[in-house]
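Protein chains in written order, with the numbering used here: chain A, 1 to 274; chain B, 275 to 623.
No wet-lab data here; the hints were simulated from the structure.
Note that this is a predicted model, so its numbers are computed, not measured.
Ideal Cβ placement from N, Cα and C applies to all residues, glycine included.
Errors might be hidden in some of the hints.
Said to hold, decoys possible - Simulated DEER-style distance windows between Cβ atoms:
no.: 1; chain 1: A; residue 1: Lys184; chain 2: B; residue 2: Pro303; range: 36 to 46 Å
no.: 2; chain 1: B; residue 1: Ser311; chain 2: A; residue 2: Gln84; range: 18 to 28 Å
no.: 3; chain 1: B; residue 1: Pro593; chain 2: A; residue 2: Gln84; range: 50 to 60 Å
no.: 4; chain 1: B; residue 1: Pro377; chain 2: A; residue 2: Glu49; range: 50 to 60 Å
no.: 5; chain 1: B; residue 1: Lys276; chain 2: A; residue 2: Trp185; range: 24 to 34 Å
no.: 6; chain 1: A; residue 1: Trp185; chain 2: B; residue 2: Ala393; range: 28 to 38 Å
no.: 7; chain 1: B; residue 1: Ala404; chain 2: A; residue 2: Ala252; range: 26 to 36 Å
no.: 8; chain 1: A; residue 1: Arg262; chain 2: B; residue 2: Lys276; range: 51 to 61 Å
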Amino acid sequence: MTEPPAVRRLLIALTFFLVSVLLLLPLAAVLIEAFRDGFTPWFRAIRDEETRQALRLSVLLTLCAVPLGALFGISAAWCLSKFQIPGESFLHSLLDLPLAVSPVVIGMALVLTWGPHSPLGRHGTILFAFPGMLLAVLFVTFPYVARELIPVMAIQGTEEEEAAALSGAGFLCILRRITLPNAKWALLHGLILSTARSLGEFGAVSVVSGHIRGHTITLPLLVEMFYNEYRLRDAFAVASLLTLTALLTLTAKTTLLRLSQRRTAALTCRKNPL
Amino acid sequence: MKLEVLHVSKRFGQHLALDQISFTLNGNPLVALLGPSGSGKTTLLRVLAGLETPDHGEVRFDGEDIRRLQTRQRGIGFVFQHYALFRHMTISENIAFGLEVKPATLRPHPTEIQRRVHALLRLVHLDWLADRYPDELSGGQRQRAALARALAVEPRILMLDEPFGALDSTVRKELRRELRRLHDAAGITSLFVTHDVEEACEIADQIILLHQGRIVQMGTPQELWTQPVSPFVFRFLGGFSLIPAIRRNGVWIAGDPFPSQRQAEGWTLAHVRPWDLLPAKPQENALTACVESLQTVGPRLRLRLHLPNSHIRLHAEWPTIPGPFAPPTPGTTVCVRPVRLWVFPTTPA
Numbered sequence: 001m002t003e004p005p006a007v008r009r010l011l012i013a014l015t016f017f018l019v020s021v022l023l024l025l026p027l028a029a030v031l032i033e034a035f036r037d038g039f040t041p042w043f044r045a046i047r048d049e050e051t052r053q054a055l056r057l058s059v060l061l062t063l064c065a066v067p068l069g070a071l072f073g074i075s076a077a078w079c080l081s082k083f084q085i086p087g088e089s090f091l092h093s094l095l096d097l098p099l100a101v102s103p104v105v106i107g108m109a110l111v112l113t114w115g116p117h118s119p120l121g122r123h124g125t126i127l128f129a130f131p132g133m134l135l136a137v138l139f140v141t142f143p144y145v146a147r148e149l150i151p152v153m154a155i156q157g158t159e160e161e162e163a164a165a166l167s168g169a170g171f172l173c174i175l176r177r178i179t180l181p182n183a184k185w186a187l188l189h190g191l192i193l194s195t196a197r198s199l200g201e202f203g204a205v206s207v208v209s210g211h212i213r214g215h216t217i218t219l220p221l222l223v224e225m226f227y228n229e230y231r232l233r234d235a236f237a238v239a240s241l242l243t244l245t246a247l248l249t250l251t252a253k254t255t256l257l258r259l260s261q262r263r264t265a266a267l268t269c270r271k272n273p274l
Numbered sequence: 275m276k277l278e279v280l281h282v283s284k285r286f287g288q289h290l291a292l293d294q295i296s297f298t299l300n301g302n303p304l305v306a307l308l309g310p311s312g313s314g315k316t317t318l319l320r321v322l323a324g325l326e327t328p329d330h331g332e333v334r335f336d337g338e339d340i341r342r343l344q345t346r347q348r349g350i351g352f353v354f355q356h357y358a359l360f361r362h363m364t365i366s367e368n369i370a371f372g373l374e375v376k377p378a379t380l381r382p383h384p385t386e387i388q389r390r391v392h393a394l395l396r397l398v399h400l401d402w403l404a405d406r407y408p409d410e411l412s413g414g415q416r417q418r419a420a421l422a423r424a425l426a427v428e429p430r431i432l433m434l435d436e437p438f439g440a441l442d443s444t445v446r447k448e449l450r451r452e453l454r455r456l457h458d459a460a461g462i463t464s465l466f467v468t469h470d471v472e473e474a475c476e477i478a479d480q481i482i483l484l485h486q487g488r489i490v491q492m493g494t495p496q497e498l499w500t501q502p503v504s505p506f507v508f509r510f511l512g513g514f515s516l517i518p519a520i521r522r523n524g525v526w527i528a529g530d531p532f533p534s535q536r537q538a539e540g541w542t543l544a545h546v547r548p549w550d551l552l553p554a555k556p557q558e559n560a561l562t563a564c565v566e567s568l569q570t571v572g573p574r575l576r577l578r579l580h581l582p583n584s585h586i587r588l589h590a591e592w593p594t595i596p597g598p599f600a601p602p603t604p605g606t607t608v609c610v611r612p613v614r615l616w617v618f619p620t621t622p623a
């Protein structure tokens, strides 16, 4: 801390200003716009049949995508952190792919892979229906759980697993009683992030959904639809719903972080009574 | 239990970690796997535990190939170098783990598990820490907890990887006697990895000395000290000096020949232990040496000597005799006599 106090204060002020203008102001604007005419119109927009369909679909997608993503994420993290496997670095960069590629491109890629003319999509309705949208959400949320777990599991090494195996525990028992409890904060963190992403995913889902009214519209798609139809108040009401879920997710994440730190702190206190 | 190791080899990339290891253990000895770092001792222990698969060879417990046995049936209690206690479980939960994961038909009743856990905690003197978490314990306490956990499954064989490596020297000494006591109480075969000669000699019945992935010598500590098979064994066990020696009338005699004489008359380099180089009166077999420096370490006097007009340096270690014994001072000369010389067929100079 060698800077003079004036510089320090200026930098702090600048940071607050930028954060407010770039991040907080737009979010606040959404909320203000949504509640401009009070709660009654907001409620009407939320209770609209189209909104309820979109909410159901979004929640259903999340409920399917997050556990599946967690399953894939745990297996990927297990393989990459506990074993020496050929092509490890390649798999690592593959995990970053969904974050690096634009969601629209992912949507287009899914259309090509699962469309009616491809060998994979020929036999059933995948595109422009729930399965296709689930594939899109899985694609974009795949990295979150794995990326949270890998560093934690890698640091913890394999000795505890080996000790459990020599005590006579089987594979699933080791996973359930040793590996996952040790990585539970990272796992929860990953789950929260992938929940947030699967509720809010727009690009990839938009392409594969086909925008079939009353069938394949999720909350983010509904916002766009209302907006394009000049139903601004409804658009902002749904947008505020998404914003609130995002804030809820952030709160959950912060609380988790606190809880995990508190356990560590409690341990430190018990070790050093002074 | 009978442990047979047959021609076990293991390669990591270019490095041959284990090279045709074979040995058999009978009865229930406490065995030290001793060797310098990189000699393959930890790899050997991991192969015996089934944590690594050997490239060649077989490991048999009571005549059965361990690859045919499920991990549970192998009956191995393993103590890891860094203990590997389950960090999210209390000490008693750690110890109970091996009993709780048994299949329902073999699992003891919960009250029986509790009883056994407490018996083990008492055995390792940790009953007052039963509900603590591993990161609240000191190194020595974690080591005891890991031992109790390894013994909980009533193993046929107990394996310990550098069990005392991370502990301070007081706790080390205390715990190795503890290990001896627990080994005798459990009546099982125990194998522990160490690079510390003193540790191995103090508690082991048998020592397996490894070097570059091979067994150099296997035997009791006494056999290793009195019948070392190679210069490596001799040098690894303790301090030594190299001194020119020649065989006259069937006896090796140390001396300091002129360089020209060395080749011609069959001089060779003999090993001598510091405590075999004793003070002597000037006589035929005594050597005159200059004192470079000396230190008193407890009851021993350590001297660094060199022979006049030569590069030969000697280490001597004398007991400090009570009474009117004046230790030599640096710069003076003393007479020393090697009471025992070790000559190996091919002594590298």
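Against the structure, the hints come out as follows:
1. A:Lys184 x B:Pro303: 36 to 46 Å: holds (43 Å)
2. B:Ser311 x A:Gln84: 18 to 28 Å: holds (22 Å)
3. B:Pro593 x A:Gln84: 50 to 60 Å: With a Cβ separation near 53 Å, Pro593 of chain B and Gln84 of chain A satisfy 50 to 60 Å, so the hint holds.
4. B:Pro377 x A:Glu49: 50 to 60 Å: Between Pro377 of chain B and Glu49 of chain A, where Cβ atoms are some 54 Å apart, the hint holds.
5. B:Lys276 x A:Trp185: 24 to 34 Å: Violated: the Cβ-Cβ distance is about 47 Å, outside 24 to 34 Å.
6. A:Trp185 x B:Ala393: 28 to 38 Å: holds (35 Å)
7. B:Ala404 x A:Ala252: 26 to 36 Å: For Ala404 of chain B and Ala252 of chain A the Cβ distance comes to about 35 Å; the hint holds.
8. A:Arg262 x B:Lys276: 51 to 61 Å: holds (53 Å)
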